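K.L.:
In case you want the letters, here they are:
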Amino acid sequence: MEILKKWFKAGYDGIFEGTSKNMRIALYVLIVLSILFGIFAIQILFWGLGYTDMDNNFAWGAWIIGDLGLVALGGGAFTTGYLLYIFRVDKLRPIINSTVLIGFMCYLFTFVFLLFDLGQPLRAWFGFAYPNWGQGVYPVSMLTEVFFCLSLYFCILVVELIPTVLEHKVLIKNKYVAMVAHYMHLLMWTMAAGGTFLSFFHQGSLGGGMWGVLYAKTVWYAPHFFFMAVVAAMAGGTSFMTLVPYIAGKIMKKEVVPMETYQILTRISGFIFIFYFIFRSYDIYAAVYKYAPMGGREFIDMWGGYYGIWMLVLEMLLFAGPLIFLNIKKYREQEKFMVIGASCGVGAIVVSKLSVLLHGFSAPNFPWKGFTAYGPTFQEWIITFGVFALMILIYMAFVKWFPLFPHLEHNEHDAHH
Amino acid sequence: MKEKVKEVKMKRRWGMAIDLDKCTGCGKCSVACNQENNMPIFEDDSDVPKRVAFLELMKVTNDRDAKFPDVKTAYLPKMCQMCEGNDPKNPNPPCVSVCPAVATDVGDDGVVSQIWSRCIGCRYCQTACPYEARVFNWWKPEYEGSFKKSLSTDVSVASRGTVVKCTFCSHIWKRERDAATAKGILDINAVLYTPACAGTCPTGAIVFGDLNDHDSEVYKLTQTDRAVRLTNPVDDVKDADKKKSLLKAKQFTNPKVYYLTSQQWLRDMMRFKKNS
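First to last, the sequence lines map onto chains A and B. Taken in order, the first sequence gives residues 1 to 417; the numbers are from this note's numbering. Taken in order, the second sequence gives residues 1 to 276; the numbers are from this note's numbering.
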């Protein structure tokens, strides 16, 4: 008992020592959310999905939105990795550790969400054991592709994250560890290339292709959806990768990543957003004039309801942020506008995913039925926010104990001398 | 003997014709289906969107706010429509290709099957189905009172967290075939069967049979002008060239369940044309 008390005290001190009052409150909230997540996770996993607001019409809910959002925003990891390791944009190096960590967490918790969404979580391995692959090279089911690509890319992210862990100030003193970390850095471009290859597939499938292939559902059917999701992930992901370390830096009141790096990444993000905007505009045009009539429906009739036009309008408004503030140099160079631009970009991606899901399920399949609404239950909210809380906690832990921001370490090192 | 069995080719392509003008909405088909397919019976089954039932009896009204005498009502028994996609020889129902674990497949008799015990419960097939024909076991199936004693031994009871669906009572056909085999008849096409819903309909509104057999009643019914398929817009395209190009551009569900009605408003409703 004494030992436990001692450990608890040591752990408590380790976490809370030297934190401000606000930080302490934030930590308490996050920890409470994480504990609640654990409790309700047991309820959902053991007693089933009856406790959610999902039903036979609204087959998927909050967690799939979480998946779509996390994977799309985690897409910044492969884009940044590719730019750094293949295109040799060396100025991105200060941000890469943070980027890899965010990517890693986004994918890790995508798995968590997916597992919750399975009615039979213990049969999750069926996806690998009995894949719906068909005759060709390419899998038949988009979800099979998600299973395989996501797992492989997650492995790559783990490998990419290992050097950051090995460079911990205690571990790195061991010369073998140092050697391994060094060579892993040198060989990281292979991982970046592999990651990009895999990301193209699963970004396309989970983000868009999964919905685009549903030929019988007029609300979703769009063969180009697969490719649009890849562009969306590159555009929104890079914005997200800028935003997270920026916020961390603001809280820590330190320059964790040089402004120059943010500038490059947001510039790239803004540039890709132009393509995404054009693609999305075409997508809406095709939905109105091509796919809705083909399915015997009218677009305007289909896009009413609780999550219809207003979400589309909101998305278009949010698009203005990255398109204007991230592409015009005058604005981008002002920190305030850069942050607004990146936030709007992330917002546009999140709203588009919300709209795909909520509206898609809400639209009636039969003319004598109305639009349906979905209100997540307490369990669903807690699990969703619990996941976000856990992500923030893990990020904070890495900031505290691992060399997540090499730029910061350099500066402190210089200051000491 | 083995050789002989191999030689026999499947000739059947099961389909259904439901006469909506004959349907009184009594719900006997739904009850029979629940009984035959071991549907769970909860003490409180008031949460309709989470209810587990293969056959849903839908009430169709021309306008929710319409008053007598403008109000028109019909009942539409809706089960799995057994879609086959554009090419009947190479069927591609919207739900089959999406399953990540091959828990659902379409047989050479055209029936879209589902193996409960293979299903991982991802509900992607439910998302893909435009007819809301697939249901998920949100809760652990329960059988109130003595219902457990009346469970059918031909249909496995699904566990919680799996998707289940109508299979045109395929197990009845298998039972009939087994009986025929016992008598030494090895031809797979030798016997016909009737699913529970068709067998129990008091007005004979549901006709079931082989769509490949052009002498069958069901085939003849599907060829009449009264036949209409649920939300399958390609059926309305009369121009052959246009239809061909449309089928080339996109897959359509092309269900094997036909509805029969002479009421224009109902036909329009089934095509998303409201207020006609």
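No lab work stands behind these hints, which were simulated from the structure alone. The structure displayed is predicted, hence computed values, not measured ones. Hints may be right or wrong, so weigh each one.
Reference listing, derived: stretches of chain B covered by chain A, where coverage requires no fewer than 3 residues with Cβ under 8 Å from a Cβ of chain A [what the hints assert, rightly or not]:
#1 49-60
#2 107-120
#3 131-139
#4 156-168
#5 241-255
#6 267-273
Here are the computed lysine-lysine pairs in the DSS-like style, where the Cα-Cα straight-line distance is at most 27 Å [what the hints assert, rightly or not]:
#7 B/Lys-248 with A/Lys-217
#8 B/Lys-59 with A/Lys-217
#9 A/Lys-217 with B/Lys-244
#10 A/Lys-217 with B/Lys-243
#11 A/Lys-290 with B/Lys-11
#12 A/Lys-217 with B/Lys-9
Counterexamples of contact, computed for chain B against chain A with all Cβ distances above 10 Å [unchecked claim]:
#13 Val-31
#14 Leu-151
#15 Arg-226
#16 Lys-238
#17 Gln-263
Heads up, the beta-carbon is just placed ideally off N, CA and C, and yes, glycines get one too.
K.L.:
Does each hint fit the structure? Answer for all of them.
P.N.:
Evaluation of the provided hints:
no.: 1; hint: 49-60; verdict: holds (count 6)
no.: 2; hint: 107-120; verdict: holds (count 3)
no.: 3; hint: 131-139; verdict: holds (count 8)
no.: 4; hint: 156-168; verdict: holds (count 5)
no.: 5; hint: 241-255; verdict: holds (count 6)
no.: 6; hint: 267-273; verdict: holds (count 5)
no.: 7; hint: B/Lys-248 with A/Lys-217; verdict: 17 Å, holds
no.: 8; hint: B/Lys-59 with A/Lys-217; verdict: 22 Å, holds
no.: 9; hint: A/Lys-217 with B/Lys-244; verdict: 20 Å, holds
no.: 10; hint: A/Lys-217 with B/Lys-243; verdict: 19 Å, holds
no.: 11; hint: A/Lys-290 with B/Lys-11; verdict: 38 Å, violated
no.: 12; hint: A/Lys-217 with B/Lys-9; verdict: 34 Å, violated
no.: 13; hint: Val-31; verdict: 19 Å, holds
no.: 14; hint: Leu-151; verdict: 21 Å, holds
no.: 15; hint: Arg-226; verdict: 19 Å, holds
no.: 16; hint: Lys-238; verdict: 14 Å, holds
no.: 17; hint: Gln-263; verdict: 14 Å, holds
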